[in-house]
Amino acid sequence: MAKNTIIINPLDNVAVALTDLKKGDTYEGVTLFEDITKGHKFTLKDIKKGENIIKYGNPIACAVADIPKGHWVHTHNVKTNLSENLEYTYNKVPTSLPPAKARKVMVYPRQNGDVGIRNELWIVPTVGCVNGQAKLILETFKKEYGEEGFDGAFTYTHPYGCSQLGDDHERTKLILQKMVRHPNAGGVLVLGLGCENNQMSEFKKSLGPVDEKRIKFLVCQEVEDEIASGVALLKEIADEIKKDGREERDISCLRVGLKCGGSDGLSGITANPLIGRFSDYIVACGGTTVLTEVPEMFGAEQILMNRAKDEKTFEKIVGLINGFKDYFRRNGQVVYENPSPGNKAGGITTLEDKSLGCTQKSGSGPVSDVVLDDGFVTQKGLNLLNGPGNDMCAVTNLAAAGCHLVLFSTGRGTPFGGFVPTVKIATNRELAAKKSNWIDFNAGAVLDSDFDTQLEKLIDLVVETANGKKTKNELNSTKEIAIFKTGVTL
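Numbering (my numbering), first residue to last: 4 to 493.
It is worth saying that the hints were derived from the structure and are not from the lab. Think of the CB as a built atom: it goes at the ideal place given N, C-alpha and C, for glycine as much as any other residue. Mixed in with the good hints, there may be bad ones.
Distance ranges between label pairs, derived from CB positions [unchecked claim]:
#, residue 1, residue 2, range
1, Gly289, Asp451, 30 to 36 Å
2, Arg252, Ser439, 27 to 33 Å
3, Gly197, Lys95, 37 to 43 Å
4, Gly169, Lys72, 36 to 42 Å
5, Asp253, Glu227, 36 to 42 Å
6, Gly471, Thr160, 38 to 44 Å
7, Asn12, Pro102, 22 to 28 Å
8, Arg252, Thr98, 22 to 28 Å
9, Asn55, Lys460, 33 to 39 Å
Calculated pairs, DMTMM-like style, for lysine to aspartate or glutamate (alpha carbon to alpha carbon, straight line, at most 20 Å) [what the hints assert, rightly or not]:
#, residue 1, residue 2
10, Lys472, Asp253
11, Lys216, Asp313
12, Lys473, Asp247
Please construct the entire structure, taking both the sequences and the accompanying hints into account.
Structure below.
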């Protein structure tokens, strides 16, 4: 029989509705004084004004008025406990990983010793001015050559590459360079205009040595017919990457990004804890996971800090958190202006509520490293990555840092996908059924079965995806990038 409510932690003074609940009915020994929508919270005891609301065993808010037992708890009667400045201390906690049996995956070995899970052909524009030309080159190439013998041809357009200053200009160049070197790309055509700030000569210089059979460059202003020239270069690259084949490797070769978007009240109960168990599994196998969305760590950051493998890593996490708070302040914005309207409608009340649910994706293992804007993931284990919560920017950052695929939980639903396979994991069965054209996995099933059963199914799906099974975003050709911007545009 399906459960109607859940008390996540024995310390909690609220329960969460797993279905819509009616006024007058009794759950967890409490009679409801009002209807409670699925994903929302109700009090298990009388809570006085100023008293903390406890969920996940931690405070998520404080009451702004007395809230009697059996009443709805949400934005109308609580407020965040968070303040602008916090002092952090390293209180290392013991971490452990469950025993894990490593699986095998079939991947593409790369010349530098890395592996890819796709063998795709990409066009990467250096500037938005050539987006249209990139699309025309791709369309013409597909008509003349097709996509047989490799995993598809794609272009990743964006509006940047010119009229940007300082950090924004460098970030655009760096993200595009990371894409050029991504192991899921068998080959890349870098397409420029000629007069943009992101000059091809400088781009190539800081990119460093490349395999000239697989990475080619074209400046549109330097040729008479850029479409014909681009198609000719793509054909040369395609002829080369057709030679690639999959080989068996241990699952520890994978780097998996962890992301949530359009969260609801079940995100921290079903999908995110399931992803956390997957993170523990692959880390126990010797693999790598990467958690981002720094603003959605606010309120749960001390938990992550206490799991740092050593004091140096703790200090890196402190820098990560404070650096992002400084970014908010520099732009005159409220640090804790979160969650979104959709989050609130789904039952998430404060940023602490959202963050404690979001960080469930990190599992229970130690934090191995922190990766900043200019870095790639180099450490095995759980990594934290700098970046915003915005879905498109976050997935782009994860992929650019080296992730082969991203596990993306959602309670509201989204069709978005990044430039690597983006596995959509629904927090509830209704979303999984309604948007089956978007959703790859139903984590709501943990409420009807158990986490161990669903973890095995999720591992199966990740292995299948690594082996070439297309995710829904790939089937729908929903593959996009978004580059994080912080400064001035001329």
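Legend entry - Earlier hints that do not hold, by number: 3, 4, 5, 6, 11
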